[in-house]
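Numbering (numbering that gives the first Met the number 0), first residue to last: 0 to 200.
Keep in mind the hints are simulated off the structure, nothing from the lab.
No residue lacks a Cβ here, since even glycine has one placed at the ideal position from N, Cα and C.
There could be a bad hint or two in this list.
To be verified - Straight-line distance between alpha carbons at most 30 Å, and here's what the computed DSSO-like set of lysine-lysine pairs gives:
| hint | residue 1 | residue 2 |
| --- | --- | --- |
| 1 | 65 | 179 |
| 2 | 166 | 179 |
| 3 | 65 | 95 |
| 4 | 91 | 65 |
| 5 | 99 | 65 |
| 6 | 166 | 99 |
| 7 | 52 | 179 |
| 8 | 52 | 91 |
| 9 | 65 | 52 |
| 10 | 65 | 172 |
| 11 | 166 | 52 |
Unchecked claim - Distance windows between CB atoms, simulated:
| hint | residue 1 | residue 2 | range |
| --- | --- | --- | --- |
| 12 | 197 | 126 | 35 to 45 Å |
| 13 | 169 | 2 | 31 to 41 Å |
| 14 | 129 | 57 | 39 to 49 Å |
| 15 | 66 | 171 | 27 to 37 Å |
| 16 | 104 | 8 | 40 to 50 Å |
| 17 | 5 | 67 | 22 to 32 Å |
| 18 | 197 | 84 | 36 to 46 Å |
| 19 | 134 | 76 | 38 to 48 Å |
| 20 | 166 | 95 | 44 to 54 Å |
| 21 | 31 | 76 | 25 to 35 Å |
| 22 | 199 | 84 | 45 to 55 Å |
| 23 | 5 | 72 | 21 to 31 Å |
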Amino acid sequence: MDQPIELEILGLSSNHSQSGSFTLVMGEVGGSRRLPIVIGMFEAQAIAIEIEKIIPNRPMTHDLFKSFSSNFNFQIVQILISDMREGVFYAKIICKNASKQVEIDARPSDAIAIAVRFDAPIFCVPRVMAEAAIEFNEDDEKKEQQKQSKATRSPSTASTKSPDSLKDYSLDKLNQMLDKAINNEDYEKAARIRDEINRRN
Numbered sequence: 000m001d002q003p004i005e006l007e008i009l010g011l012s013s014n015h016s017q018s019g020s021f022t023l024v025m026g027e028v029g030g031s032r033r034l035p036i037v038i039g040m041f042e043a044q045a046i047a048i049e050i051e052k053i054i055p056n057r058p059m060t061h062d063l064f065k066s067f068s069s070n071f072n073f074q075i076v077q078i079l080i081s082d083m084r085e086g087v088f089y090a091k092i093i094c095k096n097a098s099k100q101v102e103i104d105a106r107p108s109d110a111i112a113i114a115v116r117f118d119a120p121i122f123c124v125p126r127v128m129a130e131a132a133i134e135f136n137e138d139d140e141k142k143e144q145q146k147q148s149k150a151t152r153s154p155s156t157a158s159t160k161s162p163d164s165l166k167d168y169s170l171d172k173l174n175q176m177l178d179k180a181i182n183n184e185d186y187e188k189a190a191r192i193r194d195e196i197n198r199r200n
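Taking the hints into account, I'd like the entire structure generated from these sequences.
So, in structure tokens, the structure goes:
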């Protein structure tokens with residue numbers, strides 16, 4: 000059997016063709032292929048707040064999974080994107096404790112949200128990469144970097160202030176807004192405010 004291919008998270012962007020969904024772009028480690036996966040807003044938010052290191056007021060579902068696993072001494076070995084059928088991706092969470100190793104079926108979006116919390120590696124079987132990955136060349140890379148520099152990394156909503164309007168606030172006010180957004184569990188807004196604070200530091 001061919002060795003799985005390791006992937007890394009390159010970014011999240013709004014999916015214009017499907018309202019309320021996002022595209023998670025995974026990159027081949029040491030290679031030029033990209034694997035785009037369409038995911039829901041909740042899963043995009045769950046991935047984004049962990050990448051941004053925003054601590055929610057109450058544990059989200061994937062945080063609960065982490066607490067549950069840690070308390071029962073299960074470790075996440077890796078995430079494997081294992082199949083694609085009719086355009087739908089499938090994944091497995093491979094975990095172990097002292098006595099056994101098990102594979103749990105999962106949606107890739109949930110599996111990746113868990114991977115970022117455990118700092119677990121993400122892999123994809125070669126067949127899925129061959130079918131679904133897009134080859135990137137240097138020109139594509141430059142265009143993608145320009146596009147990403149214009150867009151925020153985190154999922155956004157229409158009610159979230161744009162980065163330009165956040166520039167009007169002082170650092171003290173931004174910190175107050177950040178606390179309020181976290182208390183209100185508005186993590187998309189919190190991520191944008193955190194980005195603006197980081198830009199000034």
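So, going through the hints one by one against the coordinates:
no. : hint                  : result
1   : 65 / 179              : 26 Å, holds
2   : 166 / 179             : 18 Å, holds
3   : 65 / 95               : 13 Å, holds
4   : 91 / 65               : 16 Å, holds
5   : 99 / 65               : 18 Å, holds
6   : 166 / 99              : 52 Å, violated
7   : 52 / 179              : 16 Å, holds
8   : 52 / 91               : 25 Å, holds
9   : 65 / 52               : 15 Å, holds
10  : 65 / 172              : 33 Å, violated
11  : 166 / 52              : 22 Å, holds
12  : 197 / 126: 35 to 45 Å : 40 Å, holds
13  : 169 / 2: 31 to 41 Å   : 52 Å, violated
14  : 129 / 57: 39 to 49 Å  : 42 Å, holds
15  : 66 / 171: 27 to 37 Å  : 34 Å, holds
16  : 104 / 8: 40 to 50 Å   : 21 Å, violated
17  : 5 / 67: 22 to 32 Å    : 26 Å, holds
18  : 197 / 84: 36 to 46 Å  : 40 Å, holds
19  : 134 / 76: 38 to 48 Å  : 29 Å, violated
20  : 166 / 95: 44 to 54 Å  : 48 Å, holds
21  : 31 / 76: 25 to 35 Å   : 27 Å, holds
22  : 199 / 84: 45 to 55 Å  : 47 Å, holds
23  : 5 / 72: 21 to 31 Å    : 26 Å, holds
The structure fails to meet hints 6, 10, 13, 16 and 19 from the earlier list, while all remaining hints are met.
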